[in-house]
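Enquirer: Start counting the sequence shown at 372; every next residue gets the next number (our numbering).
Be a bit skeptical, because a hint or two may be false.
Stated by the list, open to error - Estimated spans, in silico, between C-beta atoms of each pair:
no., residue 1, residue 2, range
1, Gln712, Asn746, 24 to 30 Å
2, Asn525, Asp441, 43 to 49 Å
3, Gly691, Asn746, 29 to 35 Å
4, Ala584, Gly770, 24 to 30 Å
5, Gln403, Gly522, 53 to 59 Å
6, Ser703, Ser730, 34 to 40 Å
7, Thr744, Pro701, 47 to 53 Å
8, Gly770, Thr624, 42 to 48 Å
None of these hints come from the bench; they were simulated from the model. Ideal Cβ positions, reconstructed from N, Cα and C, are used throughout, including at glycine.
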Amino acid sequence: MGTLTSLLDISREALLADQVALNVTASNVANQNTAGYTNEVVSFQSVDAVTLSSGTYGAGVTASAVSQRDRVLEQRVQQQTQIQAQSGALESALQQVQNIFGLSSTSTSASSTQLGTDINSFFSSLSALTSNPSDAATLQSVLSAANTLAGDFNSTANQLAQVSSSLNQQVTGDVNQVNSLTTAVASLNAQIASISPNADAGTLEDQRQLAIAQLSQLVGLDQISTPQNGITLTTSSGALLVSGSQSFAVSTTQVGGNTDVLAGDPPQDITSNLTGGDLGGILQARDTELPAYSSALDSLAYGIGTQINQQNEQGIDSSGNPGQAIFTLPTSQAGAAASIQVLPTDPGAIAAAAPGEGSSGNNNATALANLSTANIVGGQTASGFLASFLGQIGSDTAGATTNNTAQQATLTQLTTQRDSLSGVSLDEEASNLTQYQRSYQAASQVFTIVDSLMASAINLGVETTVT
């Protein structure tokens, strides 16, 4: 009887183990397309047997589900996600700048842009003035071209400012998402700690890894494993985000018109050291690329305006008075593109004649027109400076696009490697399903046979007494 009882225990344990295996297979198939789900495999383990004088009891097998994870590979995917997200955010911002200037991936010609056309038109109107220095229509053409050019500088500067403002809003939005996700990670840490290491917290770990993957899209992270299967998260600059069951909120503050990021305990401004994720790309575009472009645009507006003003002041206007400034400018080049305006409303303020020539003279008009070929902005002509400036924008954008494509390819490769281990294969699950079904049927047959033998033994061979 002892042997039959042991065999009954073995068959029962086998049935229970096979049922666990079937449930694991069903769960894998059902969650094949669930975001963040990690494939589970069945771990069979022998049950400790007890040996008595009459025999061995309790032998058998148990089964449990174990998530298929490679933590090193998961962290590599997360790190690459941060790099790719930063390059993507930078590319997006630079494409907005490129669109402002009317550039495209196939055309970066300065002369084809609105600003380039307006600069050429302005100097062309001055060149036309040399032939008709006292003609009212020609003078009006110069004033109109100056107004168009100033308006284009204003519009371009304002659009750059709008891009910067939009990036500030994105910073705030990203920070709010980061706080929501770090709170979730801290809560999951607590739940996982209450289960591990006595049981597999696969579902909770999947949820935590998904939250960390989403965080990696937003901000650069460093991840540290802690006892009880916990995870500590810091920013790439070392500011604490999650420690055990506690999360530390990220906040924002206004500094010089920009939205800066505060993090850690106690909170400190980490904006200048923050890299990775969408935030890293946004801050790189806002704090490095956009200021450089705005400064170049200011240099161009200030250089043209200053040189035209100085030359016009050396001439005589149509009323015989000394020429005055044509453009209003700030005291330095900072903000020149946004504030440049045409001062006179009377076209006669254009000083075409040089002193002593009379109102029909054109020497100063010639000098004004010659500024188109003079090095008046950063040691270059206005058109040459604009061409270099726009070429830099085009090069930066193309470089960002190329980099993002490469980073995305690397991320895809790493994700494929991870999924080959942690992803669900329907072919493999179909094979497992057949195996576990047959194993269940075999254990059931053993159980039935043992049951029949025990009934025969109890009834001394009379099968009909006990069934």
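Enquirer: If a hint holds in the structure, say so; if it doesn't, say that too.
Expert: Hint check results:
1. Here the CB-CB span from Gln712 to Asn746 is close to 25 Å, well matched to the stated 24 to 30 Å.
2. Under the hint 43 to 49 Å, the C-beta atoms of Asn525 and Asp441, about 56 Å apart, miss the expected range.
3. Checked against the hint of 29 to 35 Å, the pair Gly691 and Asn746 passes, with Cβ atoms roughly 32 Å apart.
4. For Ala584 and Gly770, the Cβ-Cβ distance of about 27 Å falls inside the hinted range of 24 to 30 Å, so the restraint holds.
5. At about 58 Å, the CB distance of Gln403 to Gly522 agrees with the hint of 53 to 59 Å.
6. Between Ser703 and Ser730 the beta carbon distance is about 35 Å. The supplied range of 34 to 40 Å therefore holds.
7. A C-beta distance of roughly 26 Å is found between Thr744 and Pro701, which places it outside the suggested range of 47 to 53 Å.
8. Restraint check, Gly770 to Thr624: a C-beta distance of roughly 32 Å breaks the suggested window 42 to 48 Å.
Checked against the numbered hints given earlier, the structure breaks hints 2, 7, 8 and satisfies all the rest.
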